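Using the hints, build the complex out of the two chains.
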Amino acid sequence: DSGVTQTPKHLITATGQRVTLRCSPRSGDLSVYWYQQSLDQGLQFLIQYYNGEERAKGNILERFSAQQFPDLHSELNLSSLELGDSALYFCASSVTGVAGANVLTFGAGSRLTVL
Amino acid sequence: GEDVEQSLFLSVREGDSSVINCTYTDSSSTYLYWYKQEPGAGLQLLTYIFSNMDMKQDQRLTVLLNKKDKHLSLRIADTQTGDSAIYFCAESMNNAGNMLTFGGGTRLMVKP
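Chains as they are written, first to last, in my numbering: chain C, 1 to 115; chain F, 1 to 112.
Bound-form chain F, shown alone (with noise of 0.2 Å):
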């Protein structure tokens, strides 16, 4: 099964937060990443936390990390029309040679 776990689909109102969320399963992770996508381009980095973090603010964005948990989300403040994506989370671990897991994405879908 996979490593990193998202739910499929949002769908926000514009102006509304969007929050989406990740579960991952391997304790060891180091890093956690959110990168988006927009269609037809490749993926995007948007921001990371490290591990030891609990949450990391970077204007619009929020992530939230539940190290107990396994819980990772990112919470975009204000959703614009421009926002819709896909949202794809991804660990990395120092002892697997810090290649990077993806999660499946959840495609964010902002109605006006």
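With the rest of the complex left out, here is chain C (with noise of 0.2 Å):
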């Protein structure tokens, strides 16, 4: 256990639909990352929050959202979603913010499925 809790594991849903990705840092971390993998893309940064603020957006598609909780919670929405959006979601989470090594801990995926 890695201490980065993701919530569902799994979800299977249709086109068009809205999905909510939920992440629960590990214990001190004020920041939380969002990464998709997919076969064909790689392990894709989508976007970075510190303490409540975004802090760096990646590829993210403007049809995703996130925000994290002053209990440092983080959510991804995923709206209106497509074939292509199937993929593992992971939320990682580390203590620093700007320097020093960056050290990521990732909790153990959501995988979506878009019929």
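Keep in mind that a hint or two might mislead.
To be verified - Straight-line C-alpha distance at most 30 Å; calculated DSBU-like pairs for lysine-lysine: (1) C:Lys57 - F:Lys36; (2) F:Lys67 - C:Lys57; (3) F:Lys36 - F:Lys56; (4) F:Lys36 - C:Lys9.
Just so you know, these hints were derived from the structure itself, not from any lab.
Bear in mind the structure is a predicted one, so any value in this text is a computation, not a measurement.
See below:
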């Protein structure tokens, strides 16, 4: 158990639908990152939050949004789902801000299947 | 194109050494990392190296960094079947919010 909790583990839904993925970071970690892992795109950085504020944005689609709550848990919202959104979505957390080695601790992932 | 590149696949025999290679393009990388992903699991940090270091050893793992050639390698001594996994290298840069950029991963298969 890495200390990063992601729910749900598996999710099957239909095109056009909306889902929410949830992440609880490791205790004491202020940063939360979301990554998408698909077979053809590898591990793609989506977005980072640090202590409730958006810190960095990667290849996140406009249909996707995220937020980090005061208790530091984060949610990734995926809407108007397409077949190509099927992937493993990982959440990771870290202590550090912008200096030093950024040691990410990953959750086990949420596998999304869009039919 | 990708900023961090790795070969897709490596197969070794149990007991041999494995060397997984990675190249990166950004010379301002501050830290370089190796992560391991076992089937059905998230990524697990194996080790990391600061960019002003040439080598780091941790038990069976040896990381070599050639900053001139922007080349990073991970050597696993006495490879075991339990080492079969996907290995990702990653870089972070302080001037980019310390965000990690990952390579595409190398699948290591260890044959008994």
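Taking the hints in turn, this is what the structure says about them:
no.: 1; hint: C:Lys57 - F:Lys36; verdict: 24 Å, holds
no.: 2; hint: F:Lys67 - C:Lys57; verdict: 27 Å, holds
no.: 3; hint: F:Lys36 - F:Lys56; verdict: 17 Å, holds
no.: 4; hint: F:Lys36 - C:Lys9; verdict: 20 Å, holds
Violation of the numbered hints given earlier is absent; every hint is satisfied by the structure.
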